[in-house]
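Note that the numbering used here numbers the sequence shown so that position 223 is 224, with each residue one more than the last.
One or more of the hints may lead you astray.
Said to hold, decoys possible - Listed next, with one range per pair, are the computed distances between beta-carbon atoms:
no., residue 1, residue 2, range
1, P680, L501, 36 to 46 Å
2, A401, S474, 49 to 59 Å
3, N285, L501, 35 to 45 Å
4, L6, S235, 51 to 61 Å
5, P680, S473, 49 to 59 Å
6, G623, K409, 16 to 26 Å
7, K233, D13, 44 to 54 Å
8, Q337, N285, 18 to 28 Å
9, E724, K409, 45 to 55 Å
10, D518, P721, 42 to 52 Å
11, L501, P238, 18 to 28 Å
FYI, nobody ran anything at the bench for these hints, they're computed from the structure.
This one's a predicted model, so the numbers in the text were calculated from it and none came from an experiment.
Glycine included, each C-beta is placed from N, C-alpha and C at the ideal position.
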Amino acid sequence: MAASLNLQPQRDVNGHLTLDLSNQGLTSIPEDVFDITDLEVLDVCNNKLTCIPEAIGRLQKLYALGVNGNMLTSLPRAIGSLQGLEKLYVHNNDLSELPDGLEALQKLEWLWVKDNKLTKLPTKMFSCLNLVNFDASNNRISTLPPSVENLQKLTKLFITDNQLTEVPPGVCSLPNLEVFSVSNNKLSTLPPGVEKLQKLRELYIHGNQLTEVPPGVCSLPNLEVLSVSNNKLSTFPPGVDKLQKLRKLFIGYNQLTEVPPAVCSLPNLEVLSVDQSPIRYLPNDLTRLARLKVLGVPGCQFDEFPRQVLQLKTLEELYASGCKFDIVPDELGNLQQLWFLSLEINLLRTLPSTLSHLHNLREVKLWNNKFDTFPEVLCELPAMEKLDIRNNNITRLPAALHRADKLKDLDVSGNPLTCPPQDVCEQGTGAIMAFLKQEAEKEERILKAFNRLSVKVKQTQWKPLARSLGLSSRAMDAIKASTPDDVPDQVYQTLVQWRLKEGEAATLSALEQHLRDLDFQQLAEQLSRTQTEDVKRSLDRLAVAERAQKQGDNIKKTQPEGAVAVRKDGSPDPRTQALTARVEPMVRSDVPGAEQKSVFLSYNWDHQDKVLLLHDRLQERGYSCWMDIKQMGGGDSLYEMMDKGIRAAKVVISCVTPPYAESKNCQDEVALARNLDMPIIPVMLEKTTWPPPGPMSIPFAQLIYINMARSQEEDPWKGPLFEQLVRMVDSFVKRPKAK
2 MAASLNLQPQ RDVNGHLTLD LSNQGLTSIP EDVFDITDLE VLDVCNNKLT
52 CIPEAIGRLQ KLYALGVNGN MLTSLPRAIG SLQGLEKLYV HNNDLSELPD
102 GLEALQKLEW LWVKDNKLTK LPTKMFSCLN LVNFDASNNR ISTLPPSVEN
152 LQKLTKLFIT DNQLTEVPPG VCSLPNLEVF SVSNNKLSTL PPGVEKLQKL
202 RELYIHGNQL TEVPPGVCSL PNLEVLSVSN NKLSTFPPGV DKLQKLRKLF
252 IGYNQLTEVP PAVCSLPNLE VLSVDQSPIR YLPNDLTRLA RLKVLGVPGC
302 QFDEFPRQVL QLKTLEELYA SGCKFDIVPD ELGNLQQLWF LSLEINLLRT
352 LPSTLSHLHN LREVKLWNNK FDTFPEVLCE LPAMEKLDIR NNNITRLPAA
402 LHRADKLKDL DVSGNPLTCP PQDVCEQGTG AIMAFLKQEA EKEERILKAF
452 NRLSVKVKQT QWKPLARSLG LSSRAMDAIK ASTPDDVPDQ VYQTLVQWRL
502 KEGEAATLSA LEQHLRDLDF QQLAEQLSRT QTEDVKRSLD RLAVAERAQK
552 QGDNIKKTQP EGAVAVRKDG SPDPRTQALT ARVEPMVRSD VPGAEQKSVF
602 LSYNWDHQDK VLLLHDRLQE RGYSCWMDIK QMGGGDSLYE MMDKGIRAAK
652 VVISCVTPPY AESKNCQDEV ALARNLDMPI IPVMLEKTTW PPPGPMSIPF
702 AQLIYINMAR SQEEDPWKGP LFEQLVRMVD SFVKRPKAK
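Let's have the full structure, built from the sequences with the hints guiding it.
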């Protein structure tokens with residue numbers, strides 16, 4: 002006996018005196034156990050026992066005995082003396098026979114002997130008249146004794162995975178039988194009288210050699226589950242529509258050429274499986290199945306995606322692999338309840354954009370199709386946790402996939418991927434998503450640079466630039482026709498088309514060279530400065546992270562009361578925590594003094610000109626303002642200067658646009674201001690939802706904003722809205738007299 006083994010029995014939830022010795026690696030039962038004569042439950046399952054001693058007969062008060070999951074080749078005859086035994090679990094051993102004497106267990110209700118090597122069942126065993134649950138699955142039993150009809154209280158009978166060639170008629174005389182599983186045997190027929198099993202709820206006869214389903218099955222009024230898959234059925238008996246309580250029907254792997262029309266009249270059907278059948282179409286009345294949640298049609302021989310499926314609004318799981326589909330209809334996006342979608346082993350090259358409507362979709366299987374490009378719509382599935390798209394012909398994963406932040410299991414093996422490179426893919430989902438996030442940030446920087454450059458290019462410069470970038474006259478005409486009077490938009494579209502055409506070769510350095518070749522030196526210099534600033538920002542981020550790592554305990558984090566947003570239940574909001582965690586290394590008490598600036602201007606560079614104008618207007622009113630391009634010089638650290646500027650200010654003006662809400666730098670500025678309990682005045686410069694989506698929704702949810710997005714003026718900083726802003730600033734800042 003192991004020294005640490007606890008032989009002290011405990012009362013279970015039902016008050017039975019119980020000794021649990023399961024999963025202890027025991028090779029024998031400690032002798033002391035047999036002295037606990039009041040023991041009612043003994044559990045020694047999942048050990049390494051090769052025998053049970055006859056001493057088990059001393060435990061006369063045993064109510065339940067669990068010896069399953071061991072290496073037993075026989076059972077002691079003494080088990081037959083346990084007159085109070087009601088539950089006996091001997092499954093998952095190496096038993097080739099059961100001992101005589103089990104018929105004496107007249108109180109026995111549960112007997113599980115599955116997963117052994119039994120070739121027969123003792124006839125006398127069926128004298129245990131109180132038996133209600135008997136499982137002899139996965140053995141080598143070839144016959145079931147006729148005496149099975151003695152078990153008049155039996156409710157569950159499992160003889161699955163044996164070698165039965167027939168079922169004795171006595172089974173049909175079991176009036177209380179509710180579950181009967183005789184699947185995966187060698188049955189060619191079922192006995193007459195099946196209709197007498199009026200309490201039967203579940204019937205599993207799949208995996209046999211049946212050529213027909215007895216008509217009596219359709220006379221079972223309480224039947225809820227019927228599984229007849231993997232037989233030799235070519236027809237289905239009439240009257241299946243009488244099974245009004247049927248919830249699950251499995252009829253696949255047969256020779257049926259159609260779904261029995263009567264199936265469409267089953268009002269409670271939730272699961273229908275017709276897998277691997279020579280079915281070419283689904284009945285139109287399938288749409289009447291108003292409660293259908295699971296539909297399995299893999300391997301069917303449809304000419305096209307069955308339109309009836311698209312009207313099953315309650316569908317949650319769709320299995321449609323191996324059907325040779327090459328198109329999925331747009332209407333698939335109507336299945337709003339769908340969480341599982343299996344479309345592997347088809348001929349798909351694209352997916353409909355409407356798939357983005359499936360906000361509950363968690364698992365998608367698309368392996369072994371014909372995809373040359375990754376379906377971008379998959380990036381728009383907010384609930385997606387698992388995606389299997391292996392064995393296609395995809396060379397690139399879109400950077401936008403990193404937005405699927407719930408994706409934890411991504412399989413892209415068997416694709417000729419170059420982006421991410423194979424060594425990244427081999428590291429798994431986490432590495433792939435991190436790589437894609439970096440690519441997304443790089444793409445964002447490029448598009449922002451395009452946006453800034455587009456407002457600087459003159460009308461006379463656009464066409465030479467477009468030609469230099471390789472755009473055809475037809476492409477330029479199309480761009481001009483789409484926005485005839487908007488030169489910045491024409492330039493932006495030109496740059497984006499160049500990026501799409503050239504791919505990775507369309508870098509900002511390459512664009513700068515095009516500008517210099519055209520002798521657009523001023524534009525080239527502006528673009529060069531943009532690249533330098535972007536690199537410096539990235540280096541600043543790295544430097545801050547490294548400095549925070551080195552400082553360790555010397556970093557003093559401040560968390561003023563009320564700085565972290567909370568949920569209604571009082572728990573910290575994780576989105577605000579994420580922002581706080583990112584900027585806390587910047588919040589230090591040892592920051593050197595900064596020039597006093599009353600107003601900190603937080604903005605994204607997409608509206609820099611407007612913010613510069615705001616800076617000047619506030620300065621004219623006597624307010625000192627901090628703005629990065631006004632205060633920062635060469636060599637300045639972005640994060641250090643930002644920290645100084647916010648600490649020295651008395652109020653922060655957040656110039657809100659959609660890119661602003663997504664910018665990590667801007668998110669950091671807002672989070673730092675909140676950590677310092679700094680008042681924030683949001684000013685909406687571009688139309689967006691309020692609060693803006695993403696991490697800033699919590700900080701801005703309770704704040705009053707000034708809506709400048711409607712202003713069409715070149716100088717929006719005049720009029721009543723600007724005066725309102727001044728009044729709000731004045732409430733936080735004691736304004737000095739204007740000079």
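Each hint tested on the structure:
Range check, P680 to L501: about 44 Å between beta-carbon atoms, so the 36 to 46 Å window is met. Range check, A401 to S474: Cβ separation about 32 Å, and the 49 to 59 Å hint is violated. Under the hint 35 to 45 Å, the C-beta atoms of N285 and L501, about 43 Å apart, fit the expected range. In this structure, L6 and S235 meet the distance hint of 51 to 61 Å, their C-beta atoms being roughly 60 Å apart.
In this structure the supplied range 49 to 59 Å holds for P680 paired with S473, their Cβ-Cβ distance being about 54 Å. For the hinted restraint 16 to 26 Å between G623 and K409, the CB-CB distance of approximately 55 Å leaves it violated. Between K233 and D13 the C-beta distance comes to about 48 Å, which sits within the given range of 44 to 54 Å. Under the hint 18 to 28 Å, the C-beta atoms of Q337 and N285, about 22 Å apart, fit the expected range.
Between E724 and K409, the C-beta spacing of about 51 Å keeps the proposed range 45 to 55 Å intact. Take D518 and P721: their Cβ atoms lie about 49 Å apart, and the range 42 to 52 Å holds. In this structure, L501 and P238 break the distance hint of 18 to 28 Å, their C-beta atoms being roughly 60 Å apart.
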